[in-house]
Structures are given as C-alpha cells and as structure tokens.
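Trainee: Okay, here's what each chain looks like letter by letter:
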Amino acid sequence: MRKLLLGVAMAAVLTVAACGDGDTNDAPAGSTAAASSTAVTGKLTVLAAASLTETFNQIGKDFETANPGVDVTFSYGGSSGLAQQINSGAPADVFAAASPATMKTVTDAGNANGEPVTFVKNQLVIAVPKANPKNIKGLSDLAIPAIKVALCAEQVPCGAAAKTALASANVKITPVTQEQDVKAALSKVQLGEVDAALVYRTDANAAKNNVDAIEFPESASAINNYPIVTLKDAPNPAAATAFVTYVQSEPAMKVLTDAGFQKP
Amino acid sequence: MPQRLTEPGILTALRLSLETATIATGVCLVLGVPLAWMLARVEFPARRFVRALVTVPLVLPPVVGGVALLLVFGRRGLVGEWLDSAFGVTLPFTTAGVVVAEAFVAMPFLVIAVEGALRGSDARYEEAAATLGAGRWTTFRRVTLPLIAPGVAAGAVLCWARALGEFGATITFAGNFPGRTQTMPLAVYLALEQDVDAAIVLSLLLLVVSVVILAALRDKWVAA
Numbered sequence: 098m099r100k101l102l103l104g105v106a107m108a109a110v111l112t113v114a115a116c117g118d119g120d121t122n123d124a125p126a127g128s129t130a131a132a133s134s135t136a137v138t139g140k141l142t143v144l145a146a147a148s149l150t151e152t153f154n155q156i157g158k159d160f161e162t163a164n165p166g167v168d169v170t171f172s173y174g175g176s177s178g179l180a181q182q183i184n185s186g187a188p189a190d191v192f193a194a195a196s197p198a199t200m201k202t203v204t205d206a207g208n209a210n211g212e213p214v215t216f217v218k219n220q221l222v223i224a225v226p227k228a229n230p231k232n233i234k235g236l237s238d239l240a241i242p243a244i245k246v247a248l249c250a251e252q253v254p255c256g257a258a259a260k261t262a263l264a265s266a267n268v269k270i271t272p273v274t275q276e277q278d279v280k281a282a283l284s285k286v287q288l289g290e291v292d293a294a295l296v297y298r299t300d301a302n303a304a305k306n307n308v309d310a311i312e313f314p315e316s317a318s319a320i321n322n323y324p325i326v327t328l329k330d331a332p333n334p335a336a337a338t339a340f341v342t343y344v345q346s347e348p349a350m351k352v353l354t355d356a357g358f359q360k361p
Numbered sequence: 342m343p344q345r346l347t348e349p350g351i352l353t354a355l356r357l358s359l360e361t362a363t364i365a366t367g368v369c370l371v372l373g374v375p376l377a378w379m380l381a382r383v384e385f386p387a388r389r390f391v392r393a394l395v396t397v398p399l400v401l402p403p404v405v406g407g408v409a410l411l412l413v414f415g416r417r418g419l420v421g422e423w424l425d426s427a428f429g430v431t432l433p434f435t436t437a438g439v440v441v442a443e444a445f446v447a448m449p450f451l452v453i454a455v456e457g458a459l460r461g462s463d464a465r466y467e468e469a470a471a472t473l474g475a476g477r478w479t480t481f482r483r484v485t486l487p488l489i490a491p492g493v494a495a496g497a498v499l500c501w502a503r504a505l506g507e508f509g510a511t512i513t514f515a516g517n518f519p520g521r522t523q524t525m526p527l528a529v530y531l532a533l534e535q536d537v538d539a540a541i542v543l544s545l546l547l548l549v550v551s552v553v554i555l556a557a558l559r560d561k562w563v564a565a
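From first to last, the protein sequence lines are chains G and U. Each residue of the first sequence is one higher than the last, beginning at 98 in the numbering used here. Each residue of the second sequence is one higher than the last, beginning at 342 in the numbering used here.
Note that these hints are calculated values from the structure, not bench results. Model, not experiment: these values are computed from the prediction. Ideal Cβ placement from N, Cα and C applies to all residues, glycine included. A couple of the hints might just be wrong.
What the hints assert, rightly or not - Facing chain U, a subset of chain G residues (Cβ under 10 Å, in silico): (1) Thr170; (2) Lys245; (3) Ala247; (4) Glu251; (5) Val253; (6) Gln277; (7) Lys285; (8) Leu288; (9) Asn302.
To be verified - No more than 25 Å apart at the CA atoms, straight line, and that leaves these computed lysine to aspartate or glutamate pairs for DMTMM-like: (10) Lys227(G) - Asp538(U); (11) Lys201(G) - Glu468(U); (12) Lys231(G) - Asp425(U); (13) Lys351(G) - Glu312(G); (14) Lys329(G) - Asp536(U).
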C-alpha cells in the first residue's frame, strides 16, 4: 500500500517537474544571498498554515510586485495535513507551519531543504461573538457547562497549544466540537454556533468585525513558533529561497506584526 | 494493524457511523417514499421545482449543504432559533445533527430510485384495486408498495451507503467530537493529519465493512 502511494506521488512529482520551466533547475539551492539579489521568475507554490492566510496573501502580493516575473500560489490548511501532503509528494516550493512539531515531520522525512527558520510567534486568545454576550472573562469561564466551546482537534497545532494552555491553567473543558483547523473553529463562533473558541490572536484579529478577542495569561505557556523552510523537491528553488528571505524582511515583518504576530 | 483496530476510539467511530447511517436511512424512507410517490403520481404546478429542490443536495458540495443546514437549523438559524427557544433543542454538535446532515445529503438517492420505480410500475393495478373498493392507503400499502419494493430497497441501500460515507456536511453542521459526532470519515480525515498508516487502516476497515454489508443486503433484498 505504502509502495503504491509512493509510486503515485513520485509520478505526480515527476510530471510536475517535467512540465515546469527548464530554467528553474539550474539555480543553486539554499544560497540565500545569491537568490535574493538576482531576479526570480516562474511559478511559486507555498503551503502555509491556515492562520497565515491573510498575512501571506498580502506578503505574496508584495513579493510579486518586487519580483514581477513571479506568480505565487498559496495553499492554506491545517499544518499537519499540509505536512502529510508534502510527505506524500505534493509539488510545492515552500512550507510554513504553525508549529515546530509539524515541521519536524517534514524534516524527519527528509523533504526539507536545510534547516527551518522560525519567523514569527503566535498566541492563543478566546474568541467570542461581538460584545461578548456570555460575559466570558478568562479560561475558567469556559469550563461552565452552559458555555459551548469549540477547540481545534489535538492533531493540529492550535489544538495542541490549547491543550497545553488548558493544562497549565488546570482547567478542564469539554468542547462541543474539535475542529479540523483554526479557521473552522473561528467560523463556528462567527456563525454563532458556539459561545467561545480558542484561536490564535491573529485569526481573531482578522475577524474583528464579528468576534472579540479575550487575552488570557495562560496563553504564554503555549506560544506557537512558526517555522518556514524551502522544500527539497521544490520545482522552483530559486524563487523558494527568495520568498523565505522576503518573509523575514522588514516590510513582510510589518505585515505580520500588524496582524498580531510577534517577532521570534 | 490488529492493535490499531482495537483502539477504543476506532470502534466508537465505526459504531456511530453504522448507527447514524441506518437511522438516516430510516428518516429518508419515512420522508422520501411519500415524496417520491407525490412526484410520480400527483400532478401539481410546482412539481418541477420540487423535484429540482429534492435533487439539489446531489449537486451541492456537501460543505455548502452543511452551511445551509447551519443557517436553517443552527442556533441562530431560521428553524433552529425557534427550536432552541421553544424546546431547548439544538441540533448542531449532536448525534441527531449527524443524522440530519446524512439524511439531507443521502435522501435524493432514495427519492430518485423510488420515483423511477413508481413511474415504471403499472398504475392500472392501483386503479383496479380502487375499483374493487380499496381506499388510498390500502391501495398504497397492498398494491403499490409490493410492486415497487425492489426499487425502494435499492434506493435505501444507495441512501445508506451515501450516508455512511458522508463527510462534508457532517463536519460542518455537526462538528467533530469523539463518540458523539465523529463518524469514520471524520476519524480518517483527522488521522491523516498525524498518522497516515492509521488513516489507511481506518479506510480499509470502513471499506471492508461497507462491502460486506452491501453484499449481504443485495443478496437478501435487492435480488428478490
């Protein structure tokens, strides 16, 4: 079964590589300085954690403006799912994860090119509907049985962070649902189906027209580092390296910190 | 592999899947057979429109179906708000919500099969029964239903199979909580986030169970 899957994945990668631009293959992989100074071209595929959606869309546009020949495509989702896609041979150039643990599954499988770099940190907040109708003040309020709470599933980073934060606060809650990624948990608050959800500060910030964010001290125990890396089988390694460098540049950092991310 | 199969979460998910799919099929039979009869036998002006509405869940992406269900049966939904305030009943994030999501998506399979069977059956038998003094209900129960039984059974099997595999509407409308709303397809999806081998084992298990049940049903009912 594994062999068959691997075969299919390899075939997919080969097809994509064959269809890609010929001029992308001769770029030196991993030489950051060289790649960022020369103009890069071609298609660039970035797989990024769902929580990076708004900021990376903006950064991608800025990057395209700075490098007119580049066409950046993003695929957002739960980090763990993206990591599995990469390990199954999904054709992508850059991977930005919401936790070192999910990044590790990619580096352990030997699919990363070089060491991942932590570029931002994120923290959990309690997202509640606008004006906080249930008057939630902190983590302990979420343990009240009448309060419906959505968490992320433990398999994805925001769920793992929520578990750590709840453990350090010594609060036990029974969520009504464990969502497949942070955006799904947030949308349950926006639709009014739950009274609160533990999401990243940046996600609550992006939806601030519909939700309020409540900070809680225990979130400091569950800070998520976001690592980014270029991938070994990247169809466009030059652009991949340039993008990773750009994400850590001053203008991109401003986009990220404006959205609520913290510098590492 | 054997110890994966005996993990408690997996059997819970499998049992929940089988139970909800069966209940959803029951709901579809109760609602769907009369609906199919109406579409096949009764002339009414909005018939085309009603038939299109019945078929919509077939073409709608299930996730969109889930959102639609939330807008109707959610806590702030059209019907859901009233259900909540009048009876204190909320469907999202409950096992009943899973059944609703599955029935919503699977019902067209039953209605289309039964309507086809009805159109293929000879209405003169029903007329003959009526001339012999049978009432509408007796005619339906003693003449129509036996005539279309294979069609109903085939539709019910299709409906059950679709309900068993339901993912999008379920995760959107009913959420994901082990033992309450986490059916096998949801368990497979989340296992895939972390452990591909576990996901493959789960998928194989679901496949084997479905094939065995479908094969057994087919020999018993449909081939008759």
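Trainee: Hint by hint, note whether the structure agrees.
Mentor: So, going through the hints one by one against the coordinates:
1. Because the smallest distance between the Cβ of threonine 170(G) and any Cβ of chain U comes to about 21 Å, over 10 Å, the interface hint for this residue is violated.
2. The interface hint given for lysine 245(G) is met, as the beta carbon of that residue sits about 7 Å from the closest beta carbon of chain U, less than 10 Å.
3. Here the hint on alanine 247(G) is kept, as its CB sits about 7 Å from the closest CB of chain U, short of 10 Å.
4. Hint status for glutamate 251(G): holds, given a least beta-carbon distance of 9 Å to chain U, under 10 Å.
5. Here the hint on valine 253(G) is kept, as its CB sits about 6 Å from the closest CB of chain U, short of 10 Å.
6. Against a cut-off of 10 Å between C-beta atoms, the interface hint on glutamine 277(G) holds, since the closest Cβ of chain U lies about 7 Å away.
7. This hint holds: lysine 285(G) has a C-beta 7 Å from the nearest C-beta of chain U, less than the 10 Å allowed.
8. Hint status for leucine 288(G) relative to chain U: holds, with the closest Cβ pair at about 6 Å, below 10 Å.
9. For asparagine 302(G), the interface hint is violated, since its Cβ never comes within 10 Å of a Cβ in chain U; the closest pair sits about 23 Å apart.
10. Among the hinted pairs, lysine 227(G) with aspartate 538(U) is inconsistent with the structure: their alpha-carbon atoms are about 42 Å apart, more than 25 Å.
11. Pair hint lysine 201(G) plus glutamate 468(U) does not hold up; C-alpha atoms about 72 Å apart against a cutoff of 25 Å.
12. With a C-alpha separation of about 16 Å, the suggested pair lysine 231(G) and aspartate 425(U) falls inside the 25 Å cut-off, and the hint holds.
13. A threshold of 25 Å between alpha carbons decides the hint, and for lysine 351(G) with glutamate 312(G) the separation of about 22 Å falls inside it, so the pair holds.
14. For the hint pairing lysine 329(G) with aspartate 536(U), the CA-to-CA distance comes to about 22 Å; that is within 25 Å, so the pair holds.
Checked against the numbered hints above, the structure breaks hints 1, 9, 10, 11 and satisfies the rest.
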